[in-house]
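Work out the full structure, taking the sequences as your base and the hints as a guide.
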Amino acid sequence: MTDKARVSPAQRLEGDAHSSNAHPLLQTVNLTKDYPGVRALDNMNFELRHGEVHVLFGENGAGKSTLISMLAGANTPTSGKILYNGQEVHLASVHEARELGISAVFQEFSLIPQMTIAENMFLGAEPTRGGLLQPGQQRAKAEAILQDLDFHLAPGRRVDHLTRAEQQMVEIAKAFRTEPSVLILDEPTASLTNHETEQLFRLVNRLKERGVGIIYITHRMAEIREIGDRITILRDGKYIDTVDAKTTSDDDLVTLMTGRVVGQIFPKVKFNPGEIILQVDDLHTPGAGGVNGASVTVRRGEIVGFAGLVGSGKSKFAQACFGSLAIESGKIRFKGEAVVKPKTRDMLRRGFMYLPSDRRSDGLMMMRPARENISTASLDVPPFSNGIFLNRRAEKKITSDLADQLNLSPRKIEREAGQFSGGNQQKLMLARSLTRTFDLIVFDEPTVGVDVGTRAAIYAFIAELCEQGVAIVLISSDLPEILHLTNRAYVFYRGKIQAELADDEITENNLLSHFFEREAA
Amino acid sequence: MSDQNPSSSISPGRLAEMSKRLFVKLGILPFLLVIAIIVFASMSENFLTGRNLMNVLRQSVYLMIVSMGQMLALLTGGFDLSVGTILALTSVVGALVMASVYAAMPDAIWLAIALGCIAGVAAGTLIGVCNGIGVAFFGVSPFMMSLGMTSVGFGVALFLTGGTPVYGMPQAFGDIFGFGTLFGIHSPIYVAAIIAVLLFVFLYRTRFGRYIYAVGGNLKAAQLSGINTRSTLLWTYVLCAALAAVAGMLLTARLDTGEANIGASMPLQSIAACVIAGVSLRGGVGRMENVVLGALFIGLVQNGMNLARIESYLQTVVLGGLLILAVIADQIRLRYVASLKD
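Chains as they are written, first to last, in our numbering: chain A, 1 to 521; chain B, 522 to 863.
There may be inaccurate statements among the hints.
Coverage of chain B stretches by chain A, computed from C-beta distances (three or more under 8 Å per stretch; other residues unrestricted) [to be verified]:
id	stretch
1	745–757
2	796–810
Derived contacts from chain B toward chain A, CB cut-off under 10 Å, selection only [as the list claims (entries may be wrong)]:
id	residue
3	R726
4	N739
5	V858
Under the rule of at most 27 Å between Cα atoms (straight-line distance), these lysine-lysine pairs were calculated in the DSS-like manner [as the list claims (entries may be wrong)]:
id	chain 1	residue 1	chain 2	residue 2
6	A	K412	A	K397
7	A	K396	B	K741
8	A	K412	B	K546
9	B	K741	A	K341
10	A	K397	B	K546
11	A	K246	A	K208
12	A	K496	A	K335
13	B	K546	A	K396
No lab work stands behind these hints, which were simulated from the structure alone. Just so it is clear, CB atoms sit at the ideal spot from N, CA and C, and this is done for glycine as well.
This is the structure in structure tokens:
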């Protein structure tokens, strides 16, 4: 059955090539999706041609996800039509869409952690003979697909042992179980390293040559330039414009997206390095893949970047200093005082704040109101409490002031955190760092999955804190952030510090050259 | 709705939309309460009398106290299946100690009552300490931990009594804590009211209460916010057991004997009371006031079924069904929340 599925879309593609490309590969006509009280997508007209990378661009909540969820069969439209090769189709399920040749890789992983890569790839379409599973055949097929994609993964490995980037690769490979003629990629590079991103782009280019149409969602400008052919901009659920990816300027794109002119995304930061806040010597954490002898100094009034691949130890280093990860050996001095075994609560009291990268799993209590999410790290100090009893009036006042200051939208502090958009959820986390005075704040990937408008606000927020004399550590896999925001940067590689760069030395080439192992010579 | 004439101006569609919004906001409990009252009032004219409602309140007090404890465990994302055993063990140990002190010193009635209560509550709370240590420090799932302790506690209670009820407690104990009244209200109701007030202050006015919600809301986020999640979990189970133990002593006073076989229905009923009241099984969500109402609702249903002469075996069927209905309603509610969000 899978064999048939693998062949038929390709045949269909060939057929299309012969019958000329009179019809776009995929087209929507006045596609509309209503949720109670809200029109998530409003009369959307979108078309995807054979062999193009069509970027969907818009702020969080603009309707991109709604559009692709309907194209992928995960959601049904309220009204309007979807045409596939000129024929109207009704996609009732993801499975149905996939059989037709429309495969989607969503941001949220649909992998079962306890199963192997091969098992995950063939979930729901396991090769069988006489009703019995054929693990050997399944494995061989998985191997072939992974090899074809040039992903270096053993199909027998369990998914929960993989890094986030590797899981992302499995998720992509899953879409290739059937040969897709339309591939939807929703922010596929959010957790990929530069190397893996390049690999993905090579793959995208190969698919383009085969005539596959690719719908690509990203917030990163550089990616749009690199692989995009056309860009469709959405705002508030409405179609705004479709432009050429190569000739449209960044500023134009941002203006189209936000409906207003946005200046520079990155602020100009006035660094004023002062006393040393954090000094770490030769830190080790137990276990493989941990921190393996890294030393770092962070001063007041500067933004120190931690760059490196995913899994290079840059996050673990900060977590170990913060006390949320065990330490094997090493010296930590915070504000001149030696800290023997850091404990989270104690470090918070000393003035050290760590904001985790994964809002959903590590950051927010999604079912609790915004107010509680903001105040949670400061409930043990005035004015939030006298140690035992809460001062609810002060809590309300402070959290709503912070919501005003950060432009939380909607400005409802009793709304559940899970009901805010990604960018606004991030603002809740940022607000947490203002609930008491901190001397050092570590931002771990603060802009993952955040639209450009909010992104600029977050950068301005970080810059302002720095100028007020707070020591900032910015952990980021997004190179432009390191390039434009930091005055010093450490490059992590396999738990060690590969390089320390300052001011003008922080260039893309310099950073990248240290991302991988140095040649012996 | 009060300022409009429902028959003329509200169309069925709007009424459905309004009840949907009400459902999302308040959960299934208000609907169930209204339905139950209408059904039972029509089945028996004695149902809606002040005397009967007072009866319901008095009978639900024990479940109410246990449910408040159960809610704490549920808020952290766990649950406590051993609340029934805690009731039994408390009853047996409290009665044994009280009876033997009373036998040794027949004049020291109050000493006997005090020592008996302390010993009983301490024995019950000890189960909670074990649960808490297992869950918080060894990462045992609350299901396995409290299930195991159920067997342990029940076994100890049976071993201590040999399976027979414990007699010989001072008459005053039952007279005061079981049947005593003040201003026409039974003493267990006062105890429950005091506990409810204290727990309310603890949950919503102290930071420890907030920590329980935080741990259930997102354990990792709570850790990174400097909350000692282990001690929070430990104390949650201790508190849950302590509340169940208090209910155990009150029930012992009412029965006038120490019994190893009381409380068997408590785990199911207390979880049902919480879930019907909108406490999420995933943790982090739920209000205490609603749980009190939830326990009252179960008491109301039981009372109504008694008045309607529904056989007690069938009553358990109804209760199980209600629990499942509440869980299904919670799922539907989540779906509505998601659709209203967009």
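**Q.** Hints that the structure is at odds with (numbers, increasing)
**A.** none
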